[in-house]
Amino acid sequence: DSGVTQTPKHLITATGQRVTLRCSPRSGDLSVYWYQQSLDQGLQFLIQYYNGEERAKGNILERFSAQQFPDLHSELNLSSLELGDSALYFCASSEQSGGESDTQYFGPGTRLTVL
Amino acid sequence: LAKTTQPISMDSYEGQEVNITCSHNNIATNDYITWYQQFPSQGPRFIIQGYKTKVTNEVASLFIPADRKSSTLSLPRVSLSDTAVYYCLVAVNYGGSQGNLIFGKGTKLSVKP
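First to last, the sequence lines map onto chains A and B. So in the working numbering, the last spot in the first sequence is 115, and the numbers never skip. So in the working numbering, the last spot in the second sequence is 113, and the numbers never skip.
These aren't lab readings, by the way, just hints derived from the structure by calculation. Honestly, I wouldn't trust all of these hints.
[Stated by the list, open to error] What the simulated footprint calls covered on chain B by chain A, stretch by stretch (three residues with Cβ under 8 Å from a Cβ of chain A suffice, anywhere in the stretch; the number is not a length):
| # | region |
| --- | --- |
| 1 | 10-16 |
| 2 | 101-112 |
[To be verified] Computed Cβ-Cβ distance ranges for the label pairs, DEER-style:
| # | chain 1 | residue 1 | chain 2 | residue 2 | range |
| --- | --- | --- | --- | --- | --- |
| 3 | B | ASN57 | A | GLY3 | 29 to 37 Å |
| 4 | A | GLN67 | B | GLU58 | 36 to 44 Å |
| 5 | B | VAL59 | A | SER80 | 24 to 32 Å |
These numbers come from a predicted model, not from an experiment. Just so you know, even glycine gets a beta-carbon here, dropped at the ideal spot from N, CA and C.
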């Protein structure tokens, strides 16, 4: 158990809909990262927040947005969903803001299925 | 576009040493190289991280040549429980609106008895 929690574990929805994925980092970690994992694209970095502020942005679509709240939990919002958005979405956390130099602890993921 | 390249799969037998190489030609001067392990239906788990030369911990070693354009993860005496997918991670211009954390496509290691 990494100490990172994600809810829900599974999510099934329809095209055009909007969903929110939630992540709680390990106690004491200030950074939260979001990743998308699909069979054909592998692990894709979406975005990182550090202590409530956006730290780095990767391959995140404009239809997607995220935020980190004062209690450090984070939410990833996915809107106007398309079939191709079906994937595993992982959240990770780390102690500091270093990104690549910090050890990231991954949650169990949320499996999103868009029908 | 920066990318990393790893073998798609590797087979090994219990007790053997396994070396998995990742090429990352565009790694930035100050960036680290990190390897993660992932089992089915789980999130990736940190194995080892390095910047240059050699790093060793209780589970693996990481060899990085002077030009840092590649790295090799070495798993000594693998067991059946080491069957997993292994990813290398590097950063490219990290920070701000153009940075990225680049995971390789992963190497699926199968350890046989």
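Consistency of the hints with the structure:
| no. | hint | verdict |
| --- | --- | --- |
| 1 | 10-16 | violated (count 0) |
| 2 | 101-112 | holds (count 6) |
| 3 | B:ASN57 to A:GLY3: 29 to 37 Å | violated (20 Å) |
| 4 | A:GLN67 to B:GLU58: 36 to 44 Å | holds (37 Å) |
| 5 | B:VAL59 to A:SER80: 24 to 32 Å | violated (43 Å) |
Hint compliance for this structure: hints 1, 3 and 5 are not met, and every other hint is.
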